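Line order of the protein sequences matches chains X and A. Taking numbering that gives the first Met the number 0, the leading residue of the first sequence gets 0, the next gets one more, and so forth. Taking numbering that gives the first Met the number 0, the leading residue of the second sequence gets 0, the next gets one more, and so forth.
Warning: the hint list may mix true and false statements.
Below, computed lysine to any residue pairings styled on SDA-like, alpha-carbon distance capped at 25 Å [as the list claims (entries may be wrong)]:
| no. | chain 1 | residue 1 | chain 2 | residue 2 |
| --- | --- | --- | --- | --- |
| 1 | A | K99 | A | L86 |
| 2 | X | K277 | A | L176 |
| 3 | X | K199 | X | L106 |
| 4 | X | K123 | A | F212 |
Label pairs and their calculated CB-CB ranges [to be verified]:
| no. | chain 1 | residue 1 | chain 2 | residue 2 | range |
| --- | --- | --- | --- | --- | --- |
| 5 | X | F80 | A | K49 | 52 to 62 Å |
| 6 | A | N61 | X | H38 | 53 to 63 Å |
| 7 | X | W91 | A | S11 | 42 to 52 Å |
| 8 | A | S10 | X | S181 | 19 to 29 Å |
| 9 | A | N61 | X | L94 | 44 to 54 Å |
| 10 | X | D85 | A | G135 | 28 to 38 Å |
| 11 | X | I67 | A | L137 | 22 to 32 Å |
Hints were generated in silico from the structure; no laboratory data involved. A quick note: this is a predicted structure, and the numbers were derived from the prediction, not measured. Note that the Cβ used here is the ideal one computed from N, Cα and C, for glycine as well.
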Amino acid sequence: MKTKKKTGDIVTLIVLILLSVVVILPVLFMVTHSFMSDHELNASYGKILTSSKNDEDDAPIEIDAHLIPQEPSLKGYWDVFLATPDYLGKFWLSLGLCAAITAGQTLLACLGGYGFAKFKYPGKNLLFALMVLLMMLPLQVTLVPNYIVLDKLGMIGSYSAIILPGICSAFGVFLLTQTFRSIPDSVLEAARLDGANQFKTLLLVVIPQAKAGIASLVILNFIDTWNMVEQPLVFLKDRLKYPLSIFLSQIKNADLSRAFVCGILAMLPVLLLFLHFKDALMTGIENSALK
Amino acid sequence: MKRRISLRTKSSLTGFLFTLPALLGTAAFFVVPFGITLSLSVRESMGSEKFVGLKNYRDVLNSAAFRLAAKNTFKFFGVALPCILILSLLIALLLFRNLKKYDIFCTFFVFPLVLPVSSVVLFFQIVFSDLGVLNGILERLGLHAADWTGEQAFWVLLILYLWKNTGYNVVLFLAALNSVPKELYEAASLDGAGWWKKLTRITLPMIAPHTRFILVISIVNLFKSFREAYILFGDHPDQSIYMIQHFMNNNFANLNYIRLSVGAALVFLVIFALVGLLLGLREDEGNAASLKMKPCTASCAARNFTKGKKQAADGLESAAAKGRGMK
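Okay, chain A solo, but in the shape it has when bound (with noise of 0.2 Å):
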């Protein structure tokens, strides 16, 4: 009895000493400064010890430069997340009709995701230019050219980002649907329910988790956009495309450290909420997943369209099991 609580307890060290040194390196460059970070956003100045409280906080929330940059990137979420969600969604859709055959294209939409924006930057610059291509096929067409390096770059970088982040998304969606059981379309075909019908009441609810998850990795692909702001744009860029990341970037080249801890700190906050919220309803339905979800996707499926049709419910039953695994 005695040896054997010593072996456990050395294979729990031996597992330890293993995690030792990412753990080490984590607490070094980000767990420790972190809380540096913390306690400067909290002083008075760099070098002081002044305690005041949430005085920077209130400083930095109402600074005109942090509000608009708030106020932008909040704004570029608003719109980028429907746009790249439904878009992977419905090229992932388009892909599944036949996988084998379609391959090639998943591999030129994951491409970009590879790609430096800076050694394609001279197309961009050459079509979103003022005399550029976008606004000669504008004036071709009759519309008006728009200032698309200006107040339009907003359109640009969303342009970019879907560009970038698409592919990803669409190899996660996938994935998705191929651990969608095949039995439940085959027993809603049976019944004649068309593709709309497979679509909302089979497919979205299925992969719903997946497409938190995919939410998740799209919002923090999103703060990856300000190296295509930076890179097409500069560090000065239009007021319309000033996001959080500028806010830093200038605090950095002013050495204001206690703004950028404020800024650091309350970015922080805005991705734990986000990202807790998201990933804690998945652990809500994960619990009641095997009481509650299960039998709601499921049966309901089941109930509409098998009506005691044998070989599809032993279809549900191993869907069912599916389900479960996939949590």
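Chain X with its partners taken away, still in its complex shape (with noise of 0.2 Å):
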């Protein structure tokens, strides 16, 4: 019976190991090659990423795949962080956005929460229903609706076309009221006897009791702004204002190293956040549960 438990033990073990390889490698593989230099990778890569504008070069046709730099070089890192601006400027584009967004969610989210979660008014559950509903329709559906109010207010092209729409996302004030609905009551009625207003029990009592749940929203707000498509897709007319997240997909792989170096660039933000805040993220995932 034991060693059945523990032949049981092995297999699982090996198969969350290869499982995890296989989830991993994709960030393995930028990180190895971009300390690869632009020859290696144009010899190894050069037939795939540089399509076939210059065919009378001698790349092999075949493709040499492999994790190891047999060439170690910096030149992508030089080039991207400084010898050229541009893409650091996508970089702090990019966190601009993701901070105005997740900055205006989280207070309008903090306001709404509280509200949702510890008063009664008629009609509360109702609206409370339509911001579920919200929460859940997909970018096709919204973006339409959103389109017609931005070109009206004379935004379609600015970077404001999506903040604003950003910041009012109804997922927000869903999480929060989650999160806020387990804070007792009696801890607010004693603040309360203790004179305090509403806001004075909302930044005081109630937003440091919370804390787990707000940073959870900030971090996931963060990351789905640092990767969004389909907006800036939308409201952007001018390819040249687009963040990094549409950015680097646009860039002709001419010059390799410095592509992969851009990968890394763009994986860097949430990769950080998401090494310090793992825990916040896990909490967050499950309170973005119904229950």
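Bring the two chains, given one by one in their own frames, into a single complex with the hints.
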């Protein structure tokens, strides 16, 4: 009986390790390749990535995929981080958009979540149900209404066209309502008896108690904004204005080492956030389940 | 008495004021414009006031582009949903054997969720291109190389969807598995039930309400696969993955508002029906749960496995209580 359990454990471990390798492989691949020289990348993948622009070149037909750099080089990093400002410019632009949306959305969600979780008023449940429905709608439905409003406001083509609808998305209100509900009413009652007004109660009692939930909203929202594709594609007509998330797929891969390092640049903020707030993210995912 | 009522009204008003900014935001960007979208979808053209009834809907439903997009989207639904549910449940069950020890794997599985696809797009190009790694392996195995960026792109999209979203579902399934009371398994073990019996008689029925929600989330996430499709294959991909999102996107490019409005209304209807169906079922069962479902899952298990063992029965009692709390 015991040996049977042991074999089961070993099999489980092997399966899990194999699956993890498959899942992580793309990231590993990008990281090691960002340290390869242009020459090595061209020789290995030129046929695929630089299309058939220069057929007279002696790029081999066979591609040669390998993980360990044979000609280690930091030229890609030099190009992206120091030699040309373009990539870092995009990076800061994306970061700015994310910061604006996440900050606005969190503020709105704290207020709304408090109202929905801790008060009663006629029609509240109906309005909350509406929020949940909106949250579930795919972008393909909401982009059209958004576009109509933004067009009327004359915002199409500007960054506010991305920021404003992002701030008003229903997800944050939903998530924080779920979180605030778990704070016992007696705590709020105590604050009120101490003479705190509603804003003070929210700021000094509710928010500190819900730190984990708010952190999870911040990280989920940041990630979603950092990775956005549809909104800039539709709301920003000018390709030059695209944030990093789309810009990358538009670089024609003439300079391979640069392209790989840009990939690293794009995953850096979310990677750091993820490693730092992993637990908050997991809580956020669990809380996003309707209970 | 009077004072109490006015206090209550005051509290209602405060609550309403707190939710007001969020409500105004959603009203301005979603609800009101959605009304405009609906009204556009029954007009003759953008500027005209002429009401044409469902003519636009008929036109869109009959257009080849929309039919192709709808067909592909439903096909993707049909294949991807069972795949992701089974895969993520299996992984969750494996992880659940020893959550503490396998914590690191959970981290790995969630990671793709946060990763921008564009940052790893080069990897996927190298793997799936005609001369790429995958075809190289296939040929070495003596199999035929396939056109992964063309007619087989569907499978690439499926792999990307699973790669990206399985972790999310695993976390939700783990939470679900955690909510199943341990006493049930202990009772079953005492009675000599094997793992298959435990899985089908205890685990699956107990996590059914969660599963339904996970299904809803998976559907919501399916619509996000457009990102992957766009970044990997551009705005005019192979016919096999031309989806409803491409249809919308291309109509944005042509500024065809009428078709866009109709498309948005149709997608909304389908989502509304699907989610309503899934969550509505939940409501029904939720109402019946305290009467029907609880005795069915918990005490069926009791009858089958415990046969009057008092300790186990106590466990089931608390299990039933938890089951009720779960709704």
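Going through the hints against the structure:
A C-alpha spacing of about 21 Å is found between K99/A and L86/A, which places the hinted pair at or below 25 Å, so the restraint holds. A threshold of 25 Å between alpha carbons decides the hint, and for K277/X with L176/A the separation of about 20 Å falls inside it, so the pair holds. With a CA separation close to 15 Å, the supplied pair K199/X and L106/X stays within the 25 Å bound. The suggested pairing of K123/X with F212/A holds, with an alpha-carbon distance near 23 Å, which does not exceed 25 Å.
Taken as a hint, the range 52 to 62 Å holds for the pair F80/X and K49/A, whose Cβ atoms sit roughly 58 Å apart. Separated by about 55 Å at the C-beta atoms, N61/A and H38/X satisfy the suggested range of 53 to 63 Å. The beta-carbon spacing between W91/X and S11/A, approximately 45 Å, falls within the hinted interval of 42 to 52 Å. Evaluation of the 19 to 29 Å hint for S10/A and S181/X yields a pass: the beta carbon distance comes to about 20 Å.
Checking the proposed 44 to 54 Å range against N61/A and L94/X shows it holds: the Cβ atoms sit about 46 Å from each other. Against the hinted window of 28 to 38 Å, the Cβ-Cβ separation of D85/X and G135/A comes to about 34 Å, which satisfies the hint. Between I67/X and L137/A the beta carbons are some 24 Å apart, a value that agrees with the proposed interval 22 to 32 Å.
Of the numbered hints stated above, none is contradicted by the structure.
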